[in-house]
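Novice: Next come the chains, spelled out residue by residue.
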Amino acid sequence: MTETMIVPGTHPQGVTPVLEVENLSVTFPQSGADVRAVRGISYHVNPGEFLGIVGESGSGKSVSSMAVMGLLPSSAKITGSIRFQGQSLLERSDGELSRIRGKGLSMIFQDPLSALTPVYTVGHQIAEGLLLHDKKLSTRAAALRAVELLKIVGIPSPERRAEAFPHEFSGGMRQRAMIAIAIANDPKLIIADEPTTALDVTIQAQILEVMQQAKEMTGAAVVLITHDLGVVAGNADRIAVMYAGKLVETGGVDQVFHEPAMPYTIGLLRSMPSMASTEARLVPLEGRPPSLAALPPGCPFAPRCPIAIDDCRKAEPALVAQPGDPFHSAACIRSAEISDGTLERADVFPRPQPVAAGIPVENAGAEVLSVNELVRHFPLMKGSVFKRQIGVVRAVDGVSFDLGAGQTLGLVGESGCGKSTTIMEVLELTKPQHGGIRVNGIDVAQLSKRDRLKMRKDIQVVFQDPMASIDPRLPIHDVIAEPLTVHGVSRKEQQRKVSQMMELVGLDPEMASRYPHEFSGGQRQRIGIARALVTAPKILVLDEPVSALDVSIQAGVINLLADLQQQLGLSYLFVAHDLAVVHHIADHVAVMYLGRIVELGASDDVFNRPRHPYTQALISAVPIPDPTLERSRRRVLLEGDLPSPTDEIPGCNFRSRCPLYTLLPENLQQRCKDEDPSLRALEGISVACHHAEHDVLISTGTEGQCR
Amino acid sequence: MSMVEEAQVLPVKSEVSKRQARPSSRARIIFSKLAHTPRFWVGAVTLAVIVLWSLFGLAGYTYNAVGLDVMAMNTAPTAAHWFGTDQIGADLYAQTIVGLRKSLIIGFVVGPVSALLAGFIGALAGYLGGVWDRIIVWFIDLLLVLPALYILIMLYPLIKGGSWVIVMVYLAVFSWMILARVIRAQTSSLRDRDFVKAARFMGVKTSTIIRRHIIPNVSSLLIIDATLGVGAAILTETTLSYFGFGVQPPDVSLGTLLSSGTGAATTRPWLFVFPAAILVITVLATSLAGDALRDAVDPTSGANRD
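Line order of the protein sequences matches chains A and B. Mapped onto the working numbering, the consecutive letters of the first sequence carry residue numbers 161 to 867. Mapped onto the working numbering, the consecutive letters of the second sequence carry residue numbers 162 to 467.
Because the hints were derived from the structure by calculation, they are not lab data. All C-beta atoms, glycine included, are put in the ideal place defined by N, C-alpha and C. Check the hints yourself; a few may be wrong.
Estimated spans, in silico, between C-beta atoms of each pair [stated by the list, open to error]: (1) His197/B - Thr806/A: 54 to 60 Å; (2) Leu445/B - Ala478/A: 55 to 61 Å; (3) Ser608/A - Ile339/B: 41 to 47 Å; (4) Trp299/B - His537/A: 27 to 33 Å; (5) Ser191/A - Ala220/B: 44 to 50 Å; (6) Pro463/A - His197/B: 26 to 32 Å; (7) Ala209/B - Ser575/A: 52 to 58 Å; (8) His197/B - Lys474/A: 37 to 43 Å; (9) Ser191/A - Trp299/B: 44 to 50 Å; (10) Arg612/A - Tyr317/B: 51 to 57 Å.
Straight line, CA to CA, 25 Å or less: simulated DMTMM-like cross-link-like pairs of lysine to aspartate or glutamate [said to hold, decoys possible]: (11) Lys263/A - Glu209/A; (12) Lys358/B - Asp738/A; (13) Lys366/B - Asp611/A; (14) Lys237/A - Asp254/A; (15) Lys547/A - Asp302/B; (16) Lys474/A - Glu446/A; (17) Lys358/B - Asp611/A; (18) Lys366/B - Glu588/A; (19) Lys358/B - Glu678/A; (20) Lys366/B - Asp618/A; (21) Lys614/A - Glu653/A; (22) Lys358/B - Asp618/A; (23) Lys375/A - Glu319/A; (24) Lys358/B - Asp603/A.
Working from the sequences, and respecting the hints, build out all of it.
Specialist: What follows is the structure, given as structure tokens:
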């Protein structure tokens, strides 16, 4: 079916591919209908090649790689053939497979915490893999090699770290340790399943760097499975796009990104918010992937495809090579029209028009939320009976910002920088440990109990994870109506408002008596938004509202938020770690580091010309879904992890990771060591760096960083 | 198996929403879901029959629970003595029915009451946290380490009058602690979930949060414990009766009937089989109904679970 993938010439003369997958299907028998998670895919990986497999959750990308590793549950029915270095893997027993796994073939998992055994030291776990595959190796030699491997993946003081347990490692270091285990036996192929999804952008950039390094050192081929097109853009040689258990487009990274021939790929690429563009509206990819248990005949993407014709619903198109480019294949009957330009790519998924502003915001720009020198310290206690304080966690350490009516303030930073604690403090509406919070000009510390309850109407929250933020045991109507129950609204009025809100966020009011689990992630986030809006608030606090959603769904939710702001004149306090999203939606941006704001200013100013070295590093760590841009730009990489917020750091707390600091002459460094920088005005923005005027980092050629 | 779940997008349309377009409250959805579960009806109807039988089963029957038929000692079931008689000629059918009445009351009061106690006290400790949590846990631990039987023995002179009612209270008071600790642990993890936080930020009262969010989310445990508690309470009462508390001869309960009939299980099986069968049927019916209730409260149960 997809022989085009293996036509001679796709791999160099006389080279056998490391991995050849042919017509692989995986079916999970279920009581109702069988779930056909993977439906006949074929691909190959050449030695030393970097293949990116991209798809949304449920597209079968993980299942297909688990099949290669032989890690699927025994209930799964696997057909087709998987050949590793010419040997077939499918008919082998688990014992035989184990000899290949970890030696020839290794895997890096998504969650490095659950992939490492908590009760053994990291060094021991690396040595275990070595000893298993080399019986002649002594324990001592294995331990030494483990230390060496830790050094290769860039873990500081590896001798000491080899003795540490996984919980003593940060997320990024655990993933480095996983990579060390994966490359321990010089594998021929490394499969990485979403290796950076659980990590911060700055750490993600480090890990991708380490993976490239590991690939070069071992000469192994890499299969990177991800949902993030940005991650593969700068790293992969070839890309395979999966949808509903099938490959729908394959080709070189440049072809797929610049000349996608399958509408799904076009939609995915257009739906991504990118640092490189600030279009007012994103292009949503409506609908959801089909159920793999009951696939209708025809192209599985047809129901979501804007250019679907009747023929699309008759038979499923096969993956065929594009005319003029044998390495680029797409599974779409209209791909020829797309590649020869009859169908303009931009017209396939047209950019939706912005909605007209509803009510003009009264006194636009007037301050609705003002946070002044907010402090939240958590005491660190030791002892069980007689507790004594051994330190202080400075989660929030003097944060000030203002939010104007009808505007969006983006709060960004790595996890652990205190951005969530900040908004939780704001939402408590009580007197903070230090500093002040004013909502609509009223100091919350002065509020009586009744006034505070009344104020809760004006400030509502949307949480990150739509699975966790909605009570799974409440029907949707009760979920959305919950804020109203507090304010003594009659049942009839509740019902009216709930249907109104469901309509507003694009849900069918008929579905009000269903339970949350019947909705998809994007729909659930819409429920969360409806619940927040039902009391007609003025301020909406959004805690990473799209980070748990698939890319194609993310665009729809972001557009919805933008529309609602237009229609209802809302003010958003938008917390996110995804800078592309923040760049897209925010008017102002505050960058947080270790409980402080290090840079604050208008979004365009901050993103186009970041002044603080941390902001520069953050922005350059965000992958851009464009291979040409991605290769040409220079990155400002951050060293190491976020320091512990319990440490007492004299001077600038960013000093330890600061790329600018290392470049400064000694007399200027001294100031960073001695003096804690406070926010100061610089060309229209505020920045907390003594040397923000020094443009060393960006002037040395970060062209196209964010244009 | 998360992979399958991930690969499977479930366009489930629940029966409920198809039938009524009007949004309805959770209680109504649960009731209508229950009404569509055959298991629930089997359990509920069986229980109803047992209750009715225990109330009216003696109407028109010749013998009663205390009278002795000296003409028919140790007889197997006959037309006159439906369940046979024991060695002193007491009619087993009459005794079973009288015993059943008492056991049903004990079981259906003690099981649910102790589960409810556990639910509310555990949820309160877990949700409030801090000092309250420590006080409540300390109290729970105190009750756990106190030798319950000795306390009953010590208090017995005070409560001699309404003996078996006191036993019921005693059983309820001393059987909720372990579950309460489990509920407390679950609650303290629920407390940090975003939906509870969201409710707090909306200004929902603590008591409402516990009732609306915490209890329904731990209800599976509570329902299982309540239904199992019914059988357990009926049997525990037997032990207490053996020690001289609770139901005393000539008064009978299913438990006392069972314990006196156990020895005769092989030689005169009717003394054991009939009370045992009725106990089994009662517990089974309760479990069926409880199981259906649990599934009705848990929206993710049923069709899409593997």
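Novice: Now tell me if each hint is right for this structure.
Specialist: These are the hints, each one checked on the structure:
| no. | hint | in the structure |
| --- | --- | --- |
| 1 | His197/B - Thr806/A: 54 to 60 Å | holds, 56 Å |
| 2 | Leu445/B - Ala478/A: 55 to 61 Å | holds, 56 Å |
| 3 | Ser608/A - Ile339/B: 41 to 47 Å | holds, 43 Å |
| 4 | Trp299/B - His537/A: 27 to 33 Å | holds, 29 Å |
| 5 | Ser191/A - Ala220/B: 44 to 50 Å | holds, 48 Å |
| 6 | Pro463/A - His197/B: 26 to 32 Å | holds, 31 Å |
| 7 | Ala209/B - Ser575/A: 52 to 58 Å | holds, 56 Å |
| 8 | His197/B - Lys474/A: 37 to 43 Å | holds, 39 Å |
| 9 | Ser191/A - Trp299/B: 44 to 50 Å | holds, 48 Å |
| 10 | Arg612/A - Tyr317/B: 51 to 57 Å | holds, 53 Å |
| 11 | Lys263/A - Glu209/A | holds, 18 Å |
| 12 | Lys358/B - Asp738/A | holds, 23 Å |
| 13 | Lys366/B - Asp611/A | holds, 15 Å |
| 14 | Lys237/A - Asp254/A | holds, 15 Å |
| 15 | Lys547/A - Asp302/B | holds, 22 Å |
| 16 | Lys474/A - Glu446/A | holds, 21 Å |
| 17 | Lys358/B - Asp611/A | holds, 20 Å |
| 18 | Lys366/B - Glu588/A | holds, 14 Å |
| 19 | Lys358/B - Glu678/A | holds, 23 Å |
| 20 | Lys366/B - Asp618/A | holds, 18 Å |
| 21 | Lys614/A - Glu653/A | holds, 18 Å |
| 22 | Lys358/B - Asp618/A | holds, 17 Å |
| 23 | Lys375/A - Glu319/A | holds, 23 Å |
| 24 | Lys358/B - Asp603/A | holds, 22 Å |
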